[in-house]
Amino acid sequence: MADPVELGARAAAKRLITPHAPALTTDVEVALHTRDTTTRPDQYVDPISLGALIVSIASLTWTVYNDLRKSNPTPPPEAVTRRVRVQLDRLDTPQAGVSPAERERCIDITIEETLNSAQNGDGST
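Mapping of the sequence shown onto the UniProt record's numbering: residues 1 to 125, in sequence order.
Just so you know, these hints were derived from the structure itself, not from any lab. Fair warning: there could be bad hints in the mix.
Capping the alpha-carbon separation at 16 Å, the derived lysine to aspartate or glutamate pairs in EDC-like fashion look like this [unchecked claim]: (1) K14 - D89; (2) K14 - D27; (3) K14 - E112; (4) K70 - D89; (5) K14 - E78.
Let the hints inform the model, and build the full structure from the sequences given.
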């Protein structure tokens, strides 16, 4: 089965490509390739890379989604989003060279795409 972290991160990168970040899909692929599965999902492989930020958010989203599934087989997206945002706020995450508004958009899109991948059965555990 496909990994919802990978699917979510790739889909988010495609939606977030801008003239300022034209190689975002490549950055995400590099971050996916280099991510260390022994580190916590909320740690960054490369703290200045937007690609790494996307992969980290997707990993955290998948972890939160699975945790919430223990008590509810289909957790509401709002509950997942709220918990991911709380954890990101606690982490004092690097800005990856983006404005606060761009960071918020990155978070929203990455969570949405990762949840879409998970809920479509692309990465069920």
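K14 and E112: Cα distance at most 16 Å?
The given pair, whose Cα atoms are some 13 Å apart, holds under the 16 Å limit.
Between K14 and D89, is the straight-line Cα distance small enough, at 16 Å or below?
Given that 16 Å is the threshold and the Cα spacing comes to 25 Å, the pair is violated.
Restraint check for K70 with D89, where alpha carbons must lie at most 16 Å apart
violated, 24 Å
16 Å limit on alpha-carbon distance, applied to hinted pair K14 and D27
holds, 11 Å
Compare the distance between the alpha carbons of K14 and E78 with 16 Å, and conclude whether the hinted pair is satisfied.
violated, 23 Å
Hints 1, 4 and 5 from the earlier list are contradicted by this structure; the remaining hints agree with it.
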